[in-house]
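S.K.: Spelled out from the first residue to the last, the chains are:
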Amino acid sequence: MTTAASNPEIGRESSTEKEKWLRAYRQMVRIRLFEEQVNELYTRALMPGLAHLYSGQEAVAVGICEALRRDDYITSTHRGHGHCLAKGASPDRMFAELLGKEAGYCRGKGGSMHIADPATGNLGANAIVGGSVGIATGAAFASKRLKNGRVAICFFGEGALGQGSLYEVMNLAELWKLPVIYVCENNLYNEYTHFSETTAGTILGRALAFGMEAVAIDGQDVRRVHDVAARLVERARAGNGPAFLQADTYRYSGHHVGDINREYYRSRQEEQFWKKERDPIQLHANWLIAQGHADSAALEKMTVEARTEIEGAVKFAVAAPYPSVDHVDEDVYA
Amino acid sequence: MTTAASNPEIGRESSTEKEKWLRAYRQMVRIRLFEEQVNELYTRALMPGLAHLYSGQEAVAVGICEALRRDDYITSTHRGHGHCLAKGASPDRMFAELLGKEAGYCRGKGGSMHIADPATGNLGANAIVGGSVGIATGAAFASKRLKNGRVAICFFGEGALGQGSLYEVMNLAELWKLPVIYVCENNLYNEYTHFSETTAGTILGRALAFGMEAVAIDGQDVRRVHDVAARLVERARAGNGPAFLQADTYRYSGHHVGDINREYYRSRQEEQFWKKERDPIQLHANWLIAQGHADSAALEKMTVEARTEIEGAVKFAVAAPYPSVDHVDEDVYA
Amino acid sequence: MPETATPERELTFAQAVREALAEELRRDECVCIFGEDVAEAGTPFKVLSGLVEEFGSDRVIDTPISEAGFTGIGVGAAMTGLRPVVDIMFGDFLTLTMDQMVNQAAKAHYMSGGHWKVPMVMRTTLGATRRSAAQHSQSLHAWFSHVPGLKVVLPSTPYDAKGLLKTAVRDDNPVVFFEDKMMYKLKGPVPQEDYTIPFGVADVKRAGSDITLVATSSMVQVALGAAVLLEKEGISAEVVDPRTTWPLDEKTIVDSVKKTSRAIVLDEGYGRYGATAEIAAVIAEGAFYDLDAPVKRMGAMHVPIPFSPPLEDVTVPTDEGVVAAAREMCRK
Amino acid sequence: MPETATPERELTFAQAVREALAEELRRDECVCIFGEDVAEAGTPFKVLSGLVEEFGSDRVIDTPISEAGFTGIGVGAAMTGLRPVVDIMFGDFLTLTMDQMVNQAAKAHYMSGGHWKVPMVMRTTLGATRRSAAQHSQSLHAWFSHVPGLKVVLPSTPYDAKGLLKTAVRDDNPVVFFEDKMMYKLKGPVPQEDYTIPFGVADVKRAGSDITLVATSSMVQVALGAAVLLEKEGISAEVVDPRTTWPLDEKTIVDSVKKTSRAIVLDEGYGRYGATAEIAAVIAEGAFYDLDAPVKRMGAMHVPIPFSPPLEDVTVPTDEGVVAAAREMCRK
Ligand SMILES: Cc1ncc(C[n+]2csc(CCOP(=O)(O)OP(=O)(O)O)c2C)c(N)n1
Ligand SMILES: Cc1ncc(C[n+]2csc(CCOP(=O)(O)OP(=O)(O)O)c2C)c(N)n1
Ligand SMILES: [Mg+2]
Ligand SMILES: [Mg+2]
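Chains as they are written, first to last, in the numbering used here: chain A, 81 to 414; chain B, 81 to 414; chain C, 19 to 350; chain D, 19 to 350.
Pulled out of the complex, with its shape left as it was, chain A reads as follows (with noise of 0.2 Å):
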């Protein structure tokens, strides 16, 4: 069920600006249906646990995978699914995963908040916050050190600056000149309390303190984003260092697909002007018809299969079926 657009490297060789832009748009729409399936699985009661989704941040995700090469490194979050799907992997295996069957990435036994694909480079998801910081940061020594050329991407959510951690090894990225790119998403939530009542200062300067290349982009803007990553991917591998990367963003639901009544929190007034005005496909969707290089019925047709891709997934993943419970006690030890 892998398909070119979900592989970067492929495409990229060939690709014209167009094209480049055009397959942005259709991953944006993966991610964005993937995580409207996983919400129907969670109200059907289909889904065990709880699922974190992406929606509304889908071009921070896409714009940097986009600018990576596929054996290139990334380090996720519990919010991990759209990092997944921008890095290739296919959603078949990660809605069996999902719902813990066999088929899934990590059969069965990682679920949602521990997705992980080596094929892909998907180091995983993590359930601990600011968990894959040093994960990340190893990848890149590991790629020094063996001149692979490889690039880490370490994503995280603003919560992720109060564990001291990210401190540590940002310390380290800037003195032995690793090639990792700290991404953080600022999506103005540390589950439910605003960012600014957990930060001091200003999110830029964390990084700057270490030295750091660092920019603060609009995560709303595909194309923005990926140029950005683009250009600090590249400064990366040619060995000049890390970079960090603040993406402004937004959740659309929840923290979790369970928490529903949010108003305690933040104002609907405030999700209703993201979704309305600063929603990631439909401005790009936008620059795409006033380029010329789509009509909105070229957008809705790869919309439509996309949706055909993703509940093909969906079905795929019921009917599979559970790992043998002889599987319980494998893989503790390599």
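Since the hints were made in silico from the structure, they are not lab data. Incorrect hints may appear among the rest.
To be verified - To spell it out: a stretch of chain D is covered by chain A in this simulated footprint if at least three of its residues, at any positions, have a beta carbon under 8 Å from a beta carbon of chain A; those stretches are:
{"hint": "1", "region": "77-84"}
{"hint": "2", "region": "95-101"}
{"hint": "3", "region": "115-129"}
To be verified - To list a few chain A residues with every Cβ distance to chain C over 12 Å, as calculated:
{"hint": "4", "residue": "LYS100"}
{"hint": "5", "residue": "MET127"}
{"hint": "6", "residue": "HIS194"}
{"hint": "7", "residue": "GLN362"}
{"hint": "8", "residue": "LEU368"}
{"hint": "9", "residue": "GLN371"}
{"hint": "10", "residue": "LYS381"}
{"hint": "11", "residue": "THR383"}
{"hint": "12", "residue": "VAL405"}
Since we're looking at a predicted model, the values are computed, not measured. C-beta: ideal position from N, C-alpha, C; glycine also.
Starting from the known structure of chain A, arrange chains B, C and D with the ligands on it as the hints suggest.
M.R.: Coordinates of chains B, C and D with the ligands only, in the frame set by chain A:
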């Protein structure tokens, strides 16, 4: 054996400028002589374990502690004798602690790296690098809640900039406007490694990132340390929030008393330069004489008095009994 | 035994925890709570709902996601006049607090020769079967029980939760308080009046004569369920709940086993090098001449907790598993 | 038993560790070492002296004082092609690495369904009586032994140190390797040739028939000393060294006790909820019908390690203490 000089509060009220700076001199001399005796005890195999000497850094502890009330808090480090004396502890019980005697501040249970003294607000030395940053911040938090006007000073070496928890608590201190001052004593070395190999970016940037008031000063100039500290302490006491103070200084001896051969990590010339050109006691003596606050005979007299005090304290400690073995399981629980 | 007092009313486990904290916040100005999303959100489990409204955001305080940092602040605040209750949302995040808890909180009193005290409570969760996978399902109380200077509490009923938590807040030592997140909705009698439950006093949750089931936290419910099933088979099981793993009431446990001659130790942490090891070793030593069979240990399977429901379910001891083991042991 | 091979030469424990690392660095380009002051300083214990000179500062790398950070980097580097040996100067600082070791390193393989591997070694120290006080004297190996996904090694001789460390470096799992800092100067035979020692295989350090002393790390030396004294009293003690607490060679331990009918378990960690609990529970279960006396546990006293020498000395088991306990047990 507590002298008036060791209680800053008593002296301060009535003190003239001249008295203040003479007292600062006496305090620095006491610390220097204390450390010489520690080294002596080690060399004579009278002290169990190791100790980390503060010689060379005296102006930092003294300049700051002279700006404090007796009930203000300090937290200290593995290199803590100077802070402890400057805050008002008496040498006899300190030496007793260093020798593991019952008369020591911690009944012999703590040793050099854990001296604590509630009477002078000393929350304790700490053998974990960065281990007390939370404690100092917590003391400031309690002061604010209890409205008792106390300020907390958090002493640490520049090596503690490697510990992530420092950034966690600085963020919190700034968010909550806590009366705490983070004092980074940059003596250039983390054990046997120059700080430039462990520190990316700038030291002050680490605090500025959180929007925190941050100042760098010459840590060998006791008057400068004192004046800046006084301003920051009063600012914190008035409810205007935390601050960060970088004091550039140098440790004269090895990382600990057993670190004799140091050429592989720093040169003799460097050591000589600091001892000859940048000694905080000598610099202050020169100034006192130039100002006409004292002549060399008066300073020499102070030194002799201090030596008498310190030597008496050593004798006391050497003669003092060890704790009874029955005490070993006391004080585990309150 | 306090459980036999007239049950005026029933509360859930979560309500009992909240009531304990509300009463202590009311009683003593120095008590305060901090942690992630403890205020308006009242924690993700809604355990603290309503407290910020009564006590204000000066005393029920949201923090950034800085477990090490705010635990350290708790230690310092406890040393200097407050009685903080620090909230660690999932027990799995305790990993981030170990230095502050073990090198600082646990040792400050001893290292200072008894001068400083750390009257602080760390409230956190344990337990699996919530489909939360390996990083949100651990039961790490054995680590803390290993460390002198800490006390470790594992309530198994709403009644115990309230009484033990009030004791924890009033204790002058650092106390780690583990709540099973699957038990928050469990109901039970909780009296209106102020009461506390002393640490180090095990509670015989059910009397019996053929076998002793020593169980902690969630596993007490499993043991009680098993005891009912065993009764039908003519096996009389005594259920002993230590309530605190440190201090540990060795006497009550050993006396029970001396009476029954058989013991199963149940705990939701990993069995290996875990709480079951300590308790089994205590029994094997203390009841050496009375045991008719080796002490049986049942803890979490020695694997990271898997996400997939059929896998997760087999990692935790169940009533049926306990029944089978007890039946086997009593046959001999 | 390899110990009986002709001893070509003697090395100290520190030299054996260094030689193991040098050989592995030479054998495999992917092996690298990092930690605080590991390069020119060769660690405060001088264990790594000379390695940076041979292998360069690309492979033997000084870090800032960031235990959590560089442990995390070790995990990531291990997942992506290197075999890092991460140096944690004192075992007490492991508190800072627990999240990376327990939530990341230990679980990455399992959570990814077996896809990612973490071939990383964490070398650290344990042990008291160095007059280093409460924050530089702990023996925290029980915590790691409790966690599925980790392996835990406690060598007790130069020979074992070298062979086990080479195995650790070649293992595809995260391994925590504890060296007793008081043992670095201990000498023993170490052959020139390349050898490894498998994990999970206990070593009978001395054969005997009246009592089994199961001992780890530094306590093996104490047990051997006690065995000599006991021999004079006509008591024949067998000393069994598990060498790895996880995997644990239960069979060798239990078989020994079945033969001797008595056991003392010795470990320098705290006894409560520690390694002695697990091993005693294993023996009490496995040798239930053969034991003539309850298994005796001897670990560190349940107090933070005090600085004062007379106090510190009584917190750790000694030869004489073991002799007294063994004499008492064998009397019955
Ligand atoms: C160390 C740790 N502390 C707390 C949590 C609970 N938690 C899960 S997500 C979350 C908020 C994260 O906020 P942010 O990093 O901004 O990511 P977002 O959810 O907004 O994507 C918290 C507190 C956790 N998983 N890990
Ligand atoms: C968490 C931790 N890591 C490592 C050590 C070992 N250690 C003790 S002192 C020291 C260097 C500290 O350097 P710095 O903070 O600059 O203080 P200085 O010794 O220069 O006063 C180190 C690495 C420790 N005590 N704690
Ligand atoms: Mg966020
Ligand atoms: Mg320094």
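S.K.: Are the hints correct? Go through all of them and say.
M.R.: Cross-check of the supplied hints:
Proximity of the region 77-84 of chain D to chain A, defined as three or more residues with a beta carbon under 8 Å from a beta carbon of that chain, is established by the 3 residues found. Coverage of the region 95-101 of chain D by chain A holds. Counting CB-CB distances below 8 Å, 6 residues qualify, and the rule asks for three or more. By the rule of at least three residues with a Cβ nearer than 8 Å to a Cβ of chain A, the coverage given for the region 115-129 of chain D holds, with 8 such residues. Distance to chain C confirms A/LYS100 as a non-interface residue, since its nearest Cβ pair spans about 36 Å, more than 12 Å.
With a minimum CB-CB distance of about 9 Å to chain C, A/MET127 fails to clear the 12 Å threshold, and the non-interface call is violated. Not every CB of chain C is more than 12 Å from the CB of A/HIS194 (nearest about 6 Å), against its label as outside the interface. The non-interface label for A/GLN362 is consistent with chain C: the shortest C-beta to C-beta separation is roughly 31 Å, beyond 12 Å. In this structure A/LEU368 is separated from chain C by more than 12 Å, as the shortest Cβ-Cβ distance comes to about 37 Å.
Distance to chain C confirms A/GLN371 as a non-interface residue, since its nearest Cβ pair spans about 41 Å, more than 12 Å. Non-interface status of A/LYS381 relative to chain C is upheld: no Cβ of that chain comes within 12 Å, the nearest being about 36 Å off. No beta-carbon of chain C comes within 12 Å of the beta-carbon of A/THR383; the shortest separation is about 31 Å. Remark: the non-interface label on A/VAL405 conflicts with the geometry, its nearest Cβ contact in chain C lying 6 Å away (cut-off 12 Å).
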